[in-house]
Amino acid sequence: MDLTYSPKERAFQAEVRAFLAEALPPDIAAKVAARRELGKAEMDRWHAILNAKGWLAGPWPKAFGGQGWGPVESHIFEEECCRANAPRIVPFGLKMLAPVLMTYGTPAQQAEYLPRILDGRDWWCQGYSEPGAGSDLASLKTRAVRDGDHYVVNGQKTWTTLGQHANRIFCLVRTRTDGKPQEGISFLLVDLDTPGIEMRPIRLIEGGYEVNEVFFTDVRVPVTNLVGQENEGWTIAKFLLGHERTNIAGVGFSLQALEQVKALACRVTRGGKPLIRNPLFAARLAAVEAELEAMRITNLRMLDRAARGGRLTTEPSMLKIKGTVIRQAINDLARRALGPAAAPFPSEDLEANLQIAPEGHARNAASYFNNRKISIYGGSNEIQRNILAKGLNS
Amino acid sequence: MDLTYSPKERAFQAEVRAFLAEALPPDIAAKVAARRELGKAEMDRWHAILNAKGWLAGPWPKAFGGQGWGPVESHIFEEECCRANAPRIVPFGLKMLAPVLMTYGTPAQQAEYLPRILDGRDWWCQGYSEPGAGSDLASLKTRAVRDGDHYVVNGQKTWTTLGQHANRIFCLVRTRTDGKPQEGISFLLVDLDTPGIEMRPIRLIEGGYEVNEVFFTDVRVPVTNLVGQENEGWTIAKFLLGHERTNIAGVGFSLQALEQVKALACRVTRGGKPLIRNPLFAARLAAVEAELEAMRITNLRMLDRAARGGRLTTEPSMLKIKGTVIRQAINDLARRALGPAAAPFPSEDLEANLQIAPEGHARNAASYFNNRKISIYGGSNEIQRNILAKGLNS
Amino acid sequence: MDFSISDDRRMLTDTLRRYLFEQYPVDHRTRVAYAAPFHDPAQWAALAGLGLFHALAPEDRGGIGGTGFDVAVVFEELGRALCPEPVLGQLMAIRLTLAAGGDLEPLLTGETRAAVALDEAEAGWDLDALTTRAADGRLTGRKTVVYGGAGADRLLVAAAGPGLWDVAAGDAEVAGYGMIDGGPAAEVFLDATPASCLIPEARAALEEARDWAALALSAEALGAMEAAFAMLTDYLATRKQFGQPIGTFQALQHRAVDLAIEIEQARSIVILAASAMDTPERAKRVSQAKHLVGRIARQVAEEVIQMHGGIAMTWEYPVSHYAKRLVMIDHQMGDSDWHLERLMGMLEAG
Amino acid sequence: MDFSISDDRRMLTDTLRRYLFEQYPVDHRTRVAYAAPFHDPAQWAALAGLGLFHALAPEDRGGIGGTGFDVAVVFEELGRALCPEPVLGQLMAIRLTLAAGGDLEPLLTGETRAAVALDEAEAGWDLDALTTRAADGRLTGRKTVVYGGAGADRLLVAAAGPGLWDVAAGDAEVAGYGMIDGGPAAEVFLDATPASCLIPEARAALEEARDWAALALSAEALGAMEAAFAMLTDYLATRKQFGQPIGTFQALQHRAVDLAIEIEQARSIVILAASAMDTPERAKRVSQAKHLVGRIARQVAEEVIQMHGGIAMTWEYPVSHYAKRLVMIDHQMGDSDWHLERLMGMLEAG
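Residue numbers (UniProt numbering), protein chains in the order written: chain A, 1 to 394; chain B, 1 to 394; chain C, 1 to 350; chain D, 1 to 350.
You may find that some hints are simply not true.
Claimed, not checked - Residues of chain A placed beyond 12 angstroms of chain B at every Cβ, according to the derived structure:
(1) Ser6
(2) Ala11
(3) Arg17
(4) Trp69
(5) Pro87
As the list claims (entries may be wrong) - Straight-line Cα separation of at most 25 angstroms, PhoX-like style, residue types lysine-lysine; simulated pairs:
(6) B:Lys141 x D:Lys240
(7) C:Lys240 x A:Lys238
(8) D:Lys240 x B:Lys390
(9) D:Lys240 x A:Lys390
(10) A:Lys141 x C:Lys240
(11) B:Lys390 x C:Lys240
(12) D:Lys240 x B:Lys238
(13) A:Lys40 x C:Lys240
Hints were generated in silico from the structure; no laboratory data involved.
A virtual CB, placed ideally from N, CA and C, is assigned to each residue, including glycine.
Put together the whole structure using the sequences plus the hints.
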């Protein structure tokens, strides 16, 4: 048993760290550290920097322009990105659609779309969820009816993250209404400029805009935009859900967030002493750190297994649950640590002119509220428990 | 709104307190305080003292030899008994069978049994649970088949508390096997001296004996021992479950136990300081005290409602859950407070000769383990949650 | 022993509840709470007209209530409606003016709106660590996150000592803003600002006023959690997933039941604290309430969001605003841990 | 990075598991663990013969293992079988003898059974508060709840300083008794008892030995909780209530899943601690393990009882003994809070 990275992995880690130190724009890192929303231009800028280095799509096979990173390299890259406050790579094109196209797409689709993902010409968003069908994908209602060389799409999608920046959307649509609900679903690529599509922002609890509703009214989509076979969408959806789960625990985010809370607790005072010496707060910090260390090891164990070609069964669901609970606990501490200063509604103006919370922490409460989402989306923790319950006695 | 007792209630409280100070034998109180098992002789002695005062059956109507106490007086009496470390009144005859006889019994049954409960000639135990039917009474299997003037009883009961001291048992038995399972149950009184009955002790987790299995083999019970109508036992069982629930929260026990833990935490040291100044332990103590105070008020609110003739709906289940959780949390603190000294298997010998834990605390770990039962018996907390769930949207 | 609510208080409750339900529905609330002035001045005046502030003051000082129970029922209703009006400052000003022997009348009519400035960036909730200084009848310092500070007429300021000072809002630099859960607050900058001393040695008065505020916030949280829980049970009964109402899933049922039990605990501890406001047990009972309610309010907020799922994450669905208020109440007047530490200090006294 | 178990260690694990499963079944364990001498001397000898103690010592000192992982896998198996043999004292004696530069051989063969006497009634787990005094090569004091103290040949005693002393058990008054969760312990009364000093300034050595013991206990708890959890899942699948297996009730399913996740956490933190035993991070990782495992072990014990219902409250059903061990492990070598406080002291160091 050896918990440390191999010399080769350590060398890669050093390379990533050196690259980030040099290439990550400080203005972007500062915004990420303060948990402020990034604009599209900033995200595009960072993607372009990564793409120039060839690391935007590190896990892609070399044949498609990637580096062929395994789970451990991907993990190291993501861990270092978190540590450096690099923006999260927008996953919809790079990590979700791309593997689907590589597995189920035609050579023509691969040749058309993959390069556009890499160079930023296409920003994809996801059209899975519908109102009234949260974690229950089989019940989706958006219809796609064949009409000559086109599908005509009608319906509504929701929770479309960063759709406001996107020019394309991949959707699950219903192409058959008889038979089992799972069997009539197809996977469709849609250009958001097509007439009949309306994207409306959804404002979230803390006041930010990051998700959207998408309305389809008689939207005509060429049948060449179908991925895989008609009515095979359920298979693709399951493939996608099972894919790219090695970072599901969000260990890197949590490690970075915990460091921020520790630094904050050294900075703010309670009863004349640094908060970090307040026994109740210190107890919470030390306890969540132990939990996080345990989960970090669970995550490494899963990576090790995946790297050896082992099949992941219960691990992703366990890590999803524990990972979100721990991250939310750290967000909770970051909010608590501010005491009265957590209360203001954050705004650029307030941060610039009034400086109520210590620098970089004006959005701690907002982040706490926003991150209540992480135990809901991507299959809520309740759904994960249902999945795990099935495996309990096997 | 007035949370204090009325002058009349306060006078009664003072009277109870004075009586206990005078009449409660110190040797018995010391054993209760140390959570050591009482023998039958000690329990009989205390019952006799109470009976002489007329308070053994305080809540019974005066017509049957009681005092006609309402819920508030009963609560005051029980609270003071806990505070004084008086033994708990053994409830099976006094609080469970007696109300059944008063409501469903014939005058002959009332005349025969009630006086014998009061003067201690009869010690009743309860035959409800069966192996394989914990909280699911409707599924019970012990058969009683009519044969002339007798029922012939065959089957097995379990979890019969203090059955080793009893000379009689009241049972739920199946007198009909067709129809709905609830409809074929009867309520039967059985003399434990009847041939064919065997009582076997069940040793509990911490090593004590307080519950038993009772085996019935062709036991002939006179039909005059049937209470209520044949096949009406389910109604009686439900009546009993709904009865005498004003002390379900065990507030008195918890208050007394918390005082003991506080005193212990002032006495033992951790890192050279009294444990009560250890911030983590003190935080647990102060937090559970706040919970207990809240529940004490919930309990008083329920009593007030019952005293005004209001119907109790969700309160008993809520108090059962919260009451057991809080009591178990206090037991947990009493165990923790001892540190290394919690470990020995308690025995009279050890307490007398080695004095490892502070006096009166040698059984803290044993009590903690034993009291895991309180969230299981009398309808487990899971069953209580099911009951409450039904009422959620009404 | 009597847990029934007096007729007077029930009338007050009913009137207030009905008024807020009709005049201050949650969509109106969401409109006004997040944009300057972060509340509705017309409603402020209307609430004063209903006698709301009179209910917070004792009869022998011109009020019609002023007991712990009066304060609790008023704030429970404000919480149920998620009302962002800055009544908390008014309550504290009434208590402090009572302690100073001043004239309550302008506060009771609502003619004067007051805010109480306690906290400072370095001191947090600690009255012993204040750095705002008084010299020659002038105050210098910065008070942070003053609830209701934006738009107040008078500022009652705690300065080092602690002493209590009265400042005309127009004499100070008041930078107003909204809170993340709605409602007005402000930074108050004092730079040799003229002030009159109300209470030179004000520790006891400030602690008392803060205890009243903590009771009020606990009651407000109670009202808010009952409203949020009612939305949850409605949702569980109507929303379907996998073909059945999600309220039929036992795991959710049991968690909902646990919330109901916790809310009952919150109600009881608020009642206990309300009963103790004029007794030597005030500090202990208030801290028990604020500690316990702080913990429970967070649990209710988090669970109500989780059990709803995504919809509760949206600005449009009212549960999100209730959840924010429930969590952020813990940042006012000492959080759950702060009050627990206060209780820990009282343990050895019994 | 490599989380696979080496072949040597897997062989040790397999041998030990099979041996204990066949030779030390739980009914035998229940018979011997609660009656004097509270373990099975024949099994002690047999385990020594299997090389159990050799696995706890490094190769360059006559052992065949001695790393954190060796200790962890051995104690995980002891925990899975709920084995009451006093191996913990032997492990600590091995570590202390290593520190003192003494001869390990009698410990490794099992010819000498040693117990380590740390705790005192007033000092608890605090090495700075010891009152046992040494004068002229003799010790006076009382050591409390010495694990494996009954029947040991040698006692390694921590006296004020702290210093480490070697006492022949026959020279002291050793009052043996059983533990509530089975296994032998003793009070040790020293009254000018002859002793030889092994390490005059023993703080570092004692802390190190206690850290090894804490790792061992954490691993033992891990094995025990896995066994208890397996009994629970079996029970949920077979036991019926209201006409269906209770494992089909979603509320129980979700709670069982939560236990499975916690047990995975326990496994990971034990691995982390085991990997750090010979590094500067030892203290931090061990305290993280003992803290986290202490909390999780109690949760597993309580939930496994609760979900079983009454049957788990009985002496006859093995789960009760597992639950006791899981809870009582927290009383050995510093409890969950004690280790959390140790971690709190390290927070500012990073």
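Results for each hint:
Distance check on Ser6 (chain A): its Cβ is at least 40 angstroms (rounded) from any Cβ of chain B, clearing the 12 angstroms threshold; non-interface status holds. Consistency note on Ala11 (chain A): stated as away from chain B, and its beta-carbon is indeed over 12 angstroms from all of that chain's, at 43 angstroms minimum. No beta-carbon of chain B comes within 12 angstroms of the beta-carbon of Arg17 (chain A); the shortest separation is about 38 angstroms. Consistency note on Trp69 (chain A): stated as away from chain B, and its beta-carbon is indeed over 12 angstroms from all of that chain's, at 44 angstroms minimum.
Separation of Pro87 (chain A) from chain B is adequate, the least Cβ-Cβ distance of about 39 angstroms exceeding the 12 angstroms criterion. For the proposed pair Lys141 (chain B) and Lys240 (chain D), the alpha carbon gap of about 15 angstroms is at most 25 angstroms, so the pair holds. A distance of roughly 22 angstroms separates the Cα atoms of Lys240 (chain C) and Lys238 (chain A); the hinted pair therefore holds under the 25 angstroms criterion. Of the pairs offered as hints, the one joining Lys240 (chain D) and Lys390 (chain B) holds, with about 22 angstroms between alpha carbons and a cut-off of 25 angstroms not exceeded.
With a CA separation close to 18 angstroms, the supplied pair Lys240 (chain D) and Lys390 (chain A) stays within the 25 angstroms bound. Proposed proximity of Lys141 (chain A) and Lys240 (chain C) is supported: the alpha carbons are some 15 angstroms apart, at most 25 angstroms. This hinted pair checks out: Lys390 (chain B) and Lys240 (chain C) have alpha carbons roughly 18 angstroms apart, not beyond 25 angstroms. Between Lys240 (chain D) and Lys238 (chain B) the CA atoms are separated by roughly 22 angstroms; this keeps the pair inside 25 angstroms, and the hint holds.
A distance of roughly 36 angstroms separates the Cα atoms of Lys40 (chain A) and Lys240 (chain C); the hinted pair therefore is violated under the 25 angstroms criterion.
Taken one by one, the earlier hints fail for this structure only at number 13.
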